[in-house]
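Engineer: Here's the letter readout for the chains.
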Amino acid sequence: MLRISADHIEKSYSTVKAVNGISFEVQSGQIFALLGPNGAGKSSLIRMLVGLTRPDAGTIRIEYKGEELNALPQRCYGYLPEDRGLYQDKTVRQNLTYIGKLRGMAAADIEAALILWCTRLDLLEKMDDNLNKLSKGNQQKVQLISCVLHTPDLLILDEPFSGLDPVNQEHVLSILTELKQSGTTVILSAHQMALVERLADQMLLLNKGELVAQGSLAQVSQQLDPKQWFEISFEQQINSQALEQLSAVADFKTCDSDKIQLTLTTGYNVSQLLQQLTSVAELADFSRIQPSLHQLYLTAVQQHNQQKPANPINNAEGDAA
Amino acid sequence: MNLWTIAVFEFQRYFKWKQEIISIGLMLLSLVLMSAWPLVKTWLDNDYKVALVSSVSAPKISGFTISQIPADSAETALAGIGDIWDLVVQVQDDKLVMTAESSASWQDKITPELKNWLQKQRISQLPLSVEQKEIVNNLPETQLVFLKKDSAKQNKEQQMVSGGLLILLGIGVFSGFGFMFTAITTEKQQRVTEQLLTLISTKEWIDGKILGISLFCLKSMVTTGLFLYLMLQAVSLVKGKGMFVLPITALELTSALLFVSLGLLLINSFMAGFAATIDDPNHSSRSIIMFLPTVPLGIVFSAMDNAEGTLMHILSLFPLTSFAAMPMRMASVSVPWWEWVLSLILLIACLFWLKNAASRVFELGIRMYGKEPEWSQLLKTFLFARVKD
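Chains A and B, in that order, give the protein sequences.
Under numbering that gives the first Met the number 0, the first residue of the first sequence is numbered 0, with each subsequent residue one higher.
Under numbering that gives the first Met the number 0, the first residue of the second sequence is numbered 0, with each subsequent residue one higher.
No wet-lab data here; the hints were simulated from the structure.
Where hints are given, some of them may not hold.
Mimicking DSSO-like on lysine-lysine, the simulated pairs with C-alpha atoms at most 30 Å apart in a straight line are [to be verified]:
1. Lys-218/B with Lys-89/A
2. Lys-202/B with Lys-64/A
3. Lys-17/B with Lys-125/A
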């Protein structure tokens, strides 16, 4: 059983506030995604979670196997840093064996885990190759194995999909789904919205160190775009002037001569909308539009940027002083 | 447990069997070449032809074929310079006149030999008795008498051992400098630090790193020491002097190894700490600090010609120099046991303090990317701040 609670976390580097009063909670067995553009504070947050840096203010509390802790026990989690870090002049086997030993694994367990994961990630034939001879994608896979080698209860992955081709992205996605099903908790940051959308149970959208939205995909959609969009096809060509007269329609855009997208006026419900629409023309199709996470993300960041003045130095995530 | 895992990994980072075998092979090859070199040189060197116009028998000088010719053939010999003779030597009015085609370096070699030969000829012509001639020809003998047993073991071979030890220490210190510097700055640049610091504490990491790299330095010293020893044996055998016995006892050797090992740990602790504060090895002003550990070696080198002097006494007790000075002193003179014990205690205490100070600096620097700690921050951390495990 694992629970991580962050309460009003703040972190500054020199004059830049990288994380500003962020709170969230990660439950056992969840996949929790941190989203945001570059410099949003995702890596800073992750580095505080793994204890590489300390928050300037706020607290991070860990509940692990019934114990209240201030930091994650080193052997309970696997960490994939944003800047990949393994020994380039050592082989895949040497790198992973070293990490396995440092995690306190027995030699036989390391070997068994190595075979298992290298087989799964198609690296079996490259086990005795130096890391600098592997492609970026394969290096990324080795790095991922280093996190899961000891079967941790928690995975903290900073940009796990970067450097991977679409096939390998799908591969990693299925591995993460499988790990989740086996009870592993995953905290990850990513830019691949389509993948996160399929993967994450909960998400935290950040921009310039501040919280923009938080919750499940449905909750985030609701927070970021409370207007409900519908797509309607008519049996015949529609007159836009007639639509403007409908009180249930707040806004609309024409997609085709017989197809429109519209939003509902506050206070009206779907049946009232349908009633008004059928009075104008005969309906062929009616559906609710679910905006993609990608759309929501872009909209949210754009809106937040308009509210917040531009931060002159906003690339402080790598600076750990 | 992790300490040993890290130490073994750090050792193996630089220990590669293939390279090790190649370097031992190269050392053996150079040993064979060095041993065979005098023979090769003798074989390759030209024998210069010298005509000596003298009624007295010609001396034998290595590298020269000296032919004695009568005085009436002198003109012919002089005409043959360049074709038959390289040098024509005449004795005129008690003076050596040497005629050659042009100036050459081999003439410097034959000149003192001929002067010595002529001097002996002149002495033999003096109206002296056989005993008197012997006195004139031979230098007086000297004999050193020591009242205390083993009080001064200084001789050529012992000085050679001291010098050899210092060279080996130099190899150890410079290896430590190189490996620590490249290991830590590369780990920082490749962000290996990010991964490892979530697995182990900074203290575990620096301890394992110091131990592993110090063991590798010790290995380099032992390998080179063995090579030097073999070389001495080869030279001694080629010269027909038989097996060379090192003028150092097993106890002295063990003691030297102990001091040297502690010294390497001391120096590598310092280097590990400060290497972690370097962000970019090509542009950092911190790199110069890494040379500081060579200073004790320089000081000991300057004082080693007087192993019983006050300076060497102080250096062999002072913990920042004792790891080099004490083995040097022990190779030359008998050191009182209490000085040895005091020196060892001070060295261990200093190692303990320095390792903790270096751990603090390591912790400060290892997580900094894109910038380096301020000098004042560095000094404060080195001297006062406490490291958290």
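Engineer: Between Lys-218/B and Lys-89/A, is the straight-line Cα distance small enough, at 30 Å or below?
Structural biologist: holds, 21 Å
Engineer: Please work out if Lys-17/B and Lys-125/A have their alpha carbons no farther apart than 30 Å.
Structural biologist: Holds, at about 21 Å.
Engineer: Quick one, are Lys-202/B and Lys-64/A close enough, alpha carbons at most 30 Å?
Structural biologist: At roughly 27 Å apart (the allowed maximum being 30 Å), Lys-64/A and Lys-202/B satisfy the hint.
Figure legend: structure checked against the earlier numbered hints; every hint is met.
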